[in-house]
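2 protein chains.
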Amino acid sequence: MENIKNYIEENKDRFLEELFELIRIPSISSIKEHKDDMMKAAEKWKEIILAAGGDKAEVMPTDGNPVVYGEKIIDENAPTVLVYGHYDVMPVDPVDLWNTTPFEPVIKDGKIWARGADDDKGQAFMHAKAFEFMVKNNNLPCNVKFMIEGEEEIGSPSLGKFCDENKELLKADIILVSDTGMIAEDIPSITTGLRGLSYWEVEVTGPNRDLHSGLFGGAVANPINILAKMIAQTTDDDGKILIPGFYDDVIECSDAERELMAKAPFNEEEYKKAIDVKELAGEKGYTTGERTGIRPSFDVCGIWGGYTGEGAKTVLPSKASAKISTRLVPNQDNVKISEMFKEYFESIAPASVKVKVTPLHGGQGYVCPIDIPAYEAAEKALQKVYGKQAVPVRSGGSIPIISTFEEKLGLKSVLMGFGLESDAIHSPNENYPLNQFFNGIESLPWFYKYFAEM
Amino acid sequence: MENIKNYIEENKDRFLEELFELIRIPSISSIKEHKDDMMKAAEKWKEIILAAGGDKAEVMPTDGNPVVYGEKIIDENAPTVLVYGHYDVMPVDPVDLWNTTPFEPVIKDGKIWARGADDDKGQAFMHAKAFEFMVKNNNLPCNVKFMIEGEEEIGSPSLGKFCDENKELLKADIILVSDTGMIAEDIPSITTGLRGLSYWEVEVTGPNRDLHSGLFGGAVANPINILAKMIAQTTDDDGKILIPGFYDDVIECSDAERELMAKAPFNEEEYKKAIDVKELAGEKGYTTGERTGIRPSFDVCGIWGGYTGEGAKTVLPSKASAKISTRLVPNQDNVKISEMFKEYFESIAPASVKVKVTPLHGGQGYVCPIDIPAYEAAEKALQKVYGKQAVPVRSGGSIPIISTFEEKLGLKSVLMGFGLESDAIHSPNENYPLNQFFNGIESLPWFYKYFAEM
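As given, the protein sequences belong to chains A and B, one line each in that order.
Residue numbers for the first sequence, in our numbering: 2 to 455.
Residue numbers for the second sequence, in our numbering: 2 to 455.
Hints may be right or wrong, so weigh each one.
Copies of the same chain are indistinguishable here, so a pair counts whether it falls within one copy or spans any two.
Here are the simulated DSSO-like pairs of lysine-lysine, each with C-alpha atoms no more than 30 Å apart in a straight line [stated by the list, open to error]:
#	residue 1	residue 2
1	Lys-241	Lys-357
2	Lys-273	Lys-337
3	Lys-168	Lys-389
4	Lys-357	Lys-273
5	Lys-450	Lys-285
6	Lys-385	Lys-413
7	Lys-41	Lys-285
No lab work stands behind these hints: they were computed from the structure.
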């Protein structure tokens, strides 16, 4: 296994050339004109899997862009790793902010510069090359399945159904994903959690038309005043959410994990400076990282009502509306939370107004426990290559497909990502450091080894 | 004096014909194309005053439309009544909703139908005809001055300066105005109060740009959440305004006046039905009429921030804004209140946001005490003609020029209006019942008589 370093050294130019062939296909999933490119990228992935040693690979149709499935089954009793990645990329606009041509990869300053260099062509391709190494060196310890989709950047609309229809094919012990980042090149980390989401539009109606604020003001409930009070009543001064039952299913993070997470470097002054705020604010008793990582949040994303033009118009408006969201932590069910909020928000409305709560969107949170074998295998693999214990990181964002996998396939995912904040994914000048690319290829075989041994 | 009834009976057709000549001039102050009509209407008023018996009358220039000033001084020691009215009218759009031609008055169903029939050509003209009667019958007991402006419907922008520059000319004991209404044809009332106003725009800024609500939500203050809390903290559950010192200058209305006001008929069920609300809401301990009439109010007139488009966008916005107003009662100083609010609103903002409070507009409230001679004279005059004691009514609205008169000229105004709710002023099909027109002409000489006797 120690050969992996040499294998990379000997094959690095070929690896890059192969990756570049993939990158050169402008597979932008959100732009219809690139429909043919989606198919080309899928076919390229089929080639990549077969060339790397897959027993089979096929481009499987879905309601949208196809999924590339490939596998190598070494032993029915061996553990099976399902590798998830995506071949689609984000658009490149504004193209004039790029220093290079987005789909013509360039190596400069130790980085690959191109759309998809990291997200997710570069990262997913590391899995193909790690797999190739293990096949060629006869030390592949697990069965491997690849599921590379073409709609991640547009919210994976077809993949849930694909999982439903291919449960048997996708049977595995763990899903391994490189589509996230680590804290820094010298601070390895693993994303262990993603938050869920519930999102509503609320509408508060007072009088049936806008009224003269002089003639009626003081005697008729003002829906903006009321909506403000209702929003205010949903969190307390300690940043706790007051919806009854809201925290019932929140699993407190273990002290051990909190201690590990606390090792992630965090400079509060720099964080505040970057967004230009004097003070941070959030739930009492938790750090900034915990507030976004392991605790739910309540944010009004938008609000509107009454007169919003120039100058002063004295009106007691008929309606006020808001877009309201909560980020949920794993084990909180977004459907249950959605109903709780609706019930609460309607219950705190005074009889002087009517309230309508419309759920708009929802998704489950996801957590990867740090004591499952696959997490430990990933941690050991990174320790081996980076020489440091990886920090578990709970991301505040949501990647709905990861919780969909858990729901549809009953499988946990290990988010072993090698991207960096500076990779500018989704932005002009996306890049991926060669070090991270090669370290990723080096780390992955160790994951397979340790995972098989557990 | 009892002759007035006969005088009206004998001259009614002429009165109407003269009024119609005034109405036929389309003196819309807000539309530039009518500039010439403003001058024509002013000249017509000069004629009207002279024809009615004025010693002199002149069209006096201002920075805007001219003011018509006229007078008859009978005795330097006699009390002086300054009659205020306006010759400008509102636009007539949407003109297709009119059943008649707006500037061609028609009598139908006992009413005059035309723009300006009530507001304020019809009402101001009653003063000219009452004056004519007293002059012709040699029973004018007071000096009379007329000040008829041409910019009331656009907020009287030139009249404050005109008052400043003509203090001596406008010297009087009371201002008499017919530019308001009474409760019903059989329920005489006098408007005794108008509320003042303070109006601000507030802006709450959190982070320097819209943030991802997943990555930052829970750790960075959301300016909409904060603005909602700040608005919520400005009134309590009993409808009291929590700005420190806000009520310091509020003069409690006497029980006697509250009792009189309570005689105004009020059907809560009909009121609620008309605006389609299940419950009314306002300051504890006060009736609906009192809440709009003698108590201040706090209304958010508009609010906006974050994402307000279709569907769900997960954003922690950078800014949230609101237009906020308070209606003030007499003796509350709008400038002082404006500063109080600013100070309070800034003080309750947490350090996690920046707050900007911009005063947009302000005006003083006005009250006519019901125990001053001029009020009592008006009350007795209406008693004489309507056979009932007039109800004092505090209007929730604001007519800034009335408080300007008090400030600039040191004079109270008696708002002896004869309009009715059904007169549709400012709307299509404005009308003025002949009964109210003639009752007005009949009532006014009694006012002069009683006022002179006091």
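Each hint, compared with the structure:
1. Lys-241 / Lys-357: Both ways: Lys-241 and Lys-357 sit 24 Å apart in one copy and 27 Å across, limit 30 Å.
2. Lys-273 / Lys-337: The answer is neither: 34 Å in one copy and 36 Å across copies each exceed 30 Å.
3. Lys-168 / Lys-389: neither (37 Å within a copy, 87 Å between copies)
4. Lys-357 / Lys-273: between (37 Å within a copy, 20 Å between copies)
5. Lys-450 / Lys-285: neither (42 Å within a copy, 73 Å between copies)
6. Lys-385 / Lys-413: within (23 Å within a copy, 90 Å between copies)
7. Lys-41 / Lys-285: Neither. Shortest intra-copy (51 Å) and inter-copy (71 Å) distances fail the 30 Å Cα cut-off.
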